[in-house]
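Participant: One letter stands for each residue in the lines below.
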Amino acid sequence: MTAGTANWSFTQDDFTSITDSLKRFLGETKSRCAMLVDRSGQLVTTVGDAPGLDTTTFASLTAADYSANDQLAKLVGETDFSSLYHQGEKESIYVADIARRLLLVTIFDSRTTVGLVRLRMKDEVEELTLLIDRVFSRGRDGAAPTGHLLEGADDEIDKLFNW
Amino acid sequence: MINYASREMNCKIVYYGPGLGGKTTNLEHVYGKVKPETRGKLISLATETERTLFFDFLPVDLGTIRGFKTRFHLYTVPGQVYYNASRKLILKNVDGIVFVGDSQAERMEANLESMQNLYDNMSEYGYDLTQMPFVIQYNKRDLPNAAPIEDLQAALNPGWEVEDATKHRVQPDPYHAGQNLVEQVSGGEWVEKAPYFEAIAVNGDGVFDTLKAVSKLVLKALA
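Line order of the protein sequences matches chains A and B.
The letter at position 66 of the first sequence is residue 66 when you use this note's numbering, and the numbering goes up by one with no holes.
The letter at position 210 of the second sequence is residue 210 when you use this note's numbering, and the numbering goes up by one with no holes.
Careful, some of the hints might be misleading.
Stated by the list, open to error - 20 Å max Cα-Cα, derived DMTMM-like pairs, lysine to aspartate or glutamate:
1) B/Lys220 x B/Asp164
2) B/Lys88 x A/Asp65
3) B/Lys216 x A/Asp154
4) B/Lys41 x A/Glu156
5) B/Lys216 x A/Asp158
6) A/Lys74 x B/Glu124
Just so you know, these hints were derived from the structure itself, not from any lab.
Predicted model, so just to flag it, every value in this text is computed and none were measured.
Work the whole structure out from these sequences, hints included.
Facilitator: What follows is the structure, given as structure tokens:
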């Protein structure tokens, strides 16, 4: 589509692999919820228990938070801060970068420890990086089905705007 | 981003422009007018004096196309020159841009500076503004000191040269009778301009026209 912007899509198979991996990670760390968010702030998927959480807003703020910290890292001479930890009284958040494209966000409480989350996060990041690389390399080859989804859909697009 | 598993399309639109130009007002109007079930919360990261510090954010569901739920994430940037670092972050992975210009004659310099800053920030990401969905809104048309549209167009939307010869054909402006978005100018070269809209965002005039235009361009760019 447009020059330079993020254009990617993933299939049911990608989605299943990613959610299976996240579920395993959630079980191992005893965290409440894990989310995959793209760097532009869009939620890719969420697994686990997050009652009442506005996941759309949460995803947007997480990406902004991470981007701001990325710039802070550069100001102090680091390439990036590969992870972020926000400690709360009951709930805490751990955020890690996946392949400079996505963020893995984990929400956890006193049923686990930040040490365990951090320990398991490293393997999870590696696993997800492999999966995500596969999605993006396919996109670059032009094999992703994105391009044809809206072909000839002009009428449908026009109808959307009959507000 | 298209998610085939959850059958969702997510697009990011950024409202850009000089400080106090009405970017946040645009989002507030959209928030107030669309049905509550089709929009999320309006999040504002603002200073105590309600100046945007980082961004405003509003997710809006437009409906379904080809069985895919289309969701637009609307962002504003902080207009003040001082906040360029955070402004640039919001442009990351943008799908469409609305430039909200302030029509007041004395804000022309601020408009130009902001437009230049938009081009600069986009090119630092490797994005080409002339190749992506981009519309301009001239806000505050009701004010007595509003500059004529022709002056604003000449300064902020003079057009860019169309190099691709296959696009060398007149394209009428669907929003302004008798005007063209693509045309051949007296020097012989073909020039394309961004679609523009007049607005009084505090009353809501022109707000949805602008949003519709940029959203359509984004979806058609995907088609």
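Participant: Would you mind marking each hint as holding or not holding in the structure?
Facilitator: Each hint, compared with the structure:
This hinted pair checks out: B/Lys220 and B/Asp164 have alpha carbons roughly 19 Å apart, not beyond 20 Å. Between B/Lys88 and A/Asp65, the direct Cα distance comes to roughly 14 Å. Compliance with the 20 Å bound is thereby established for this hinted pair. A C-alpha spacing of about 9 Å is found between B/Lys216 and A/Asp154, which places the hinted pair at or below 20 Å, so the restraint holds. For the proposed pair B/Lys41 and A/Glu156, the alpha carbon gap of about 27 Å is over 20 Å, so the pair is violated.
For the suggested pair B/Lys216 and A/Asp158, the alpha carbons sit about 7 Å apart, so the restraint of at most 20 Å is met. Between A/Lys74 and B/Glu124 the CA atoms are separated by roughly 16 Å; this keeps the pair inside 20 Å, and the hint holds.
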